[in-house]
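So the sequence shown is numbered by this note's numbering: it starts at 212 and just counts up by one.
Hints were generated in silico from the structure; no laboratory data involved. Among the hints, erroneous ones may be present.
[Stated by the list, open to error] Computed spacing ranges between beta-carbons, pair by pair: (1) L267 / K407: 19 to 29 Å; (2) N385 / D360: 20 to 30 Å; (3) D360 / D399: 33 to 43 Å; (4) A246 / D360: 36 to 46 Å.
Ideal placement from N, C-alpha and C gives every residue a C-beta, glycine not left out.
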Amino acid sequence: MANKSMEWYITNNDFEGAKERLDNTSPNWKKKWYAVCETIYNNCKDLAKKYILNPLEYTVTLIEKIVGKRKSKFDDNILVADGVDLLDNATQKCYLFTFFNDNDEMVCSKVGTTIRSVKQRLKEELKSKTYTQMGCVRAVVNRVYDCGDLPAEGLESYFRANYIKQFPDSFKKNDRFIDTFFDLKEADKIAEKYLKKA
212 MANKSMEWYI TNNDFEGAKE RLDNTSPNWK KKWYAVCETI YNNCKDLAKK YILNPLEYTV
272 TLIEKIVGKR KSKFDDNILV ADGVDLLDNA TQKCYLFTFF NDNDEMVCSK VGTTIRSVKQ
332 RLKEELKSKT YTQMGCVRAV VNRVYDCGDL PAEGLESYFR ANYIKQFPDS FKKNDRFIDT
392 FFDLKEADKI AEKYLKKA
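Go ahead and model the full structure; you've got the sequences and the hints to work with.
Structure below.
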C-alpha cells in the first residue's frame, strides 16, 4: 500500500501517523513532516497535553504526567518529557523547564537547580507570582542533570552563559528565556562538556 500524502494526514488529523512519518523520514523531509505535525497539532488542542513540538530540532516529544497521588491542582499541570528521569535520589540537580499558558502556547524556557524533588520545585514555580503574572499554568520537565558532588549552580550558570550569548534578546533575569525553546540535543552536549571538566 502506498504511503499517504501529507494532505491526507492533515485532512484526517492523523497526528500519530504524521509523527511516525516524521520520526522515520530523511533529513531532507524532516522540516516538511514537522510542518504537517504542527498543522494537526494546532487543529487539535488536546494534543498539547500529550506532546511538545520543538521547532529548533523539528521534533515531537511525548510527555507524561507525573505518576503519584494527586495532592493539588498543580500535579495535573506538571508534565515530563518522555524518557526524562527526575533523578529524585540525586542531591545536586540542574533542570530545564518549558512553561505554557492556558492556550497551550509556550511562554518561556527556564534553567534552574534544586536539591529537593524536581516536582516540588516546579510546583513552587507554577504557584509563584512571577509565573502566574506571566500567565503560566502548566510546565514540562525537559531535562534533569545530576551534578554529582558539584553544586548544581555551576551547571546552571554555564547553561545561562551559553543561552544568553545565543538568545540575548529573550533573556529575562535571572534564568528565563521568553518565547525560546532550548535545543535539547545541544543542552545535553553543554551539560556533558561542563560535567566532564570536573
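Comparing the hints with the structure gives:
1. L267 / K407: 19 to 29 Å: holds, 24 Å
2. N385 / D360: 20 to 30 Å: holds, 24 Å
3. D360 / D399: 33 to 43 Å: violated, 21 Å
4. A246 / D360: 36 to 46 Å: Taking Cβ atoms as reference, A246 and D360 lie about 45 Å apart, which means the hint holds.
Hint 3 from the list above is the single one not met by this structure.
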